[in-house]
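Student: Spelled out, the chains give:
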Amino acid sequence: MKLSVEQVRHVATLARLSLSSSEEERYAEQLSAILDAVAQLQELDVSGVEPTSHASLASALLREDAPKPSLTPDQALANAPARGGTSFAVPKILE
Amino acid sequence: MRLTDLTLLELAEKLASGQTSSVEATRACLARIAQVDGKVKAFLRLDERGALAAAEASDARRASGTHLGPLDGVPVAVKDIFLTEGVETTCASRVLQGFIPPYDATVVALLKQAGMPIVGKLNQDEFAMGSSNESSAYGPCHNPWDLERTPGGSSGGSAAALAAREVFGTLGTDTGGSIRQPAALTNTVGLKPTYGRVSRYGVIAYASSLDAPGPMGRTVGDVAALLQVLARHDPLDSTSAAVDVPDYRADLEGGVAGLKLGVPREYFVEGMDPEVEAAVRAALAAYERLGATLVDVSLPHTKYALATYYLLAPAEASSNLARYDGVRYGFRARESKGLKELYGQTRDQGFGPEVKRRVMLGTYALSAGYYDAYYIRAQKVRTLIREDFTRAFSQVDAILTPTSPVPAFKLGEKVDDPLSMYLMDVCTLPCNLAGLPGLSLPCGFTRAGLPVGLQLMGRPFDEAKLLRIARAFEREHDFTRRLAPI
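Here the protein sequences line up with chains A and B, keeping their order.
Going by full-length UniProt numbering, the first residue of the first sequence is number 1, and it counts up by one from there.
Going by full-length UniProt numbering, the first residue of the second sequence is number 1, and it counts up by one from there.
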């Protein structure tokens with residue numbers, strides 16, 4: 001399966017990656033090769049097979065819905081690249 | 001003999017008997033790191049102050065006649081994928097440079113509660129994506145058995161630090177072989193526990209349905225002792241299993257007489273290094289001599305595991321790594337106009353090539369029009385792979401295979417060929433797809449002196465039997481006692 005540079009650009013947009021044009025070409029080539037390799041799965045008959053979404057071998061447990069101490073605003077913001085007051089600061093959202 | 005040449009359990013005994021102190025052992029580790037890590041590059045950063053404070057506290061407990069358990073005072077180190085409160089954690093990515101976690105991963109907290117000083121954070125592939133430690137944004141780690149070669153990946157630093165005797169035990173994570181393959185390439189013992197056996201809370205997520213944190217050590221006993229600290233139900237991880245934890249050392253010397261060990265024909269693949277195959281076949285013969293019965297088993301969907309893994313893991317990764325957007329923590333690209341540009345540029349500049357490749361692949365597999373053909377189909381094949389194991393384990397107690405099809409390869413050899421790099425995981429990733437426990441055990445050397453690993457896979461939550469089977473071989477051979485020439 002040959003992936004075009006346009007398809008790569010579309011996937012990069014979905015993945016929020018601003019790729020350079022040389023990256024787009026490289027990934028078009030490498031992803032095509034990987035997709036060729038994984039196309040092997042198409043040869044299997046999987047009709048009637050249930051998908052496995054998780055490896056869990058024991059049943060999941062939910063904990064009691066009780067309030068507990070959590071991070072303070074200062075702790076939560078300590079790693080922020082930019083902050084304003086008790087908020088994360090970002091460039092303008094509306095374009 | 002250097003203090004750092006002792007195994008974890010030997011050091012634990014000397015601490016218990018007062019023949020050495022935790023401060024002395026921790027200082028010995030730091031001195032050894034200063035001596036060799038310029039060449040090995042197993043550590044991304046050290047926490048000398050934190051480790052020495054923990055060591056002093058341990059010695060004070062011992063002096064007053066108490067301790068927090070058998071490993072109190074034994075210095076260890078953890079892969080940089082584990083959150084460590086107050087100590088920078090990057091997952092070997094530029095996108096997390098400068099990130100100081102506000103809390104500890106559960107397994108890190110458990111090490112501390114057991115009294116173990118944590119001397120530093122270990123090198124790895126970026127976000128655990130890789131099989132050679134070469135995708136680390138901070139440079140590759142080197143194999144102490146041959147510094148021009150890879151220690152394996154993604155837990156390359158966790159394995160190399162042990163082989164170089166820089167520390168007595170380490171933690172790694174294993175999503176497709178990332179504990180077992182580096183263990184095999186460095187003559188160390190690595191255990192990927194059953195999914196759910198060891199908490200993932202505070203472990204930076206790569207592929208959540210496959211990720212398994214686990215212990216690495218120089219001997220089987222060391223790994224059993226570390227697993228004892230780590231294995232427990234964690235209410236903070238909803239996939240953590242509430243199952244009984246046995247005493248992992250109680251049955252360690254139980255031997256293999258009467259056990260049935262499965263040998264799946266599909267794992268002795270074309271392209272396997274003949275010296276690896278010879279060492280593994282010799283180990284199988286040794287198990288027969290020790291009283292086990294070898295059983296020919298078939299896992300017919302093995303050849304589909306690689307394709308299944310390289311659709312499912314990148315799909316989960318593309319979702320998990322969406323959080324690195326330059327807003328809340330870590331790296332942010334400068335001078336972006338608008339939020340979309342901030343996301344795009346932060347991620348393009350913050351992620352390395354392998355991470356971007358997998359995010360792209362996963363995004364594609366999940367995108368409209370391809371979701372059923374790739375993602376859902378791979379999940380169905382995953383079911384077939386799991387059923388293969390269920391059938392095999394109705395006949396045998398454990399399954400034995402090579403861990404890696406080749407010994408340690410040269411750094412740079414495969415880095416530009418993603419598909420040939422992905423093949424390095426061919427023997428290890430079925431175990432992750434099925435959620436089963438797997439262990440890599442040193443079982444020989446090539447003529448060039450490179451280590452070879454034997455992989456043992458077990459039934460769910462049957463780590464104790466894997467350790468017992470591994471120990472039976474270790475007792476009769478000296479491989480885990482051999483020291484890398486560094």
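No lab work stands behind these hints, which were simulated from the structure alone.
Since this is a predicted model, take the numbers as computed values, not measurements.
Just so you know, even glycine gets a beta-carbon here, dropped at the ideal spot from N, CA and C.
Some clues are possibly wrong.
[Said to hold, decoys possible] Lysine to any residue pairs mimicking SDA-like chemistry, simulated, CA-CA at most 20 Å apart:
no. : chain 1 : residue 1 : chain 2 : residue 2
1   : B       : Lys-340   : A       : Pro-81
2   : B       : Lys-380   : A       : Lys-68
3   : B       : Lys-337   : A       : Ala-82
4   : A       : Lys-68    : B       : Tyr-103
[To be verified] Which chain B residues stay away from chain A? Per the calculated CB distances, all over 12 Å, these:
no. : residue
5   : Leu-6
6   : Gly-38
7   : Ser-367
Student: Each of the hints needs a verdict: does it hold here or not?
Tutor: Here is what the structure says about each hint:
1. B:Lys-340 to A:Pro-81: Answer holds: Lys-340 of chain B to Pro-81 of chain A is near 16 Å, not above 20 Å.
2. B:Lys-380 to A:Lys-68: Given pair Lys-380 of chain B, Lys-68 of chain A is violated - Cα atoms ~39 Å apart, limit 20 Å.
3. B:Lys-337 to A:Ala-82: Cα-Cα ~15 Å, so holds.
4. A:Lys-68 to B:Tyr-103: Status holds; Cα separation ~15 Å.
5. Leu-6: Nearest chain A Cβ is 36 Å from Leu-6 of chain B, so the label holds.
6. Gly-38: Fine: 30 Å to the nearest Cβ keeps Gly-38 of chain B off the interface.
7. Ser-367: violated (6 Å)
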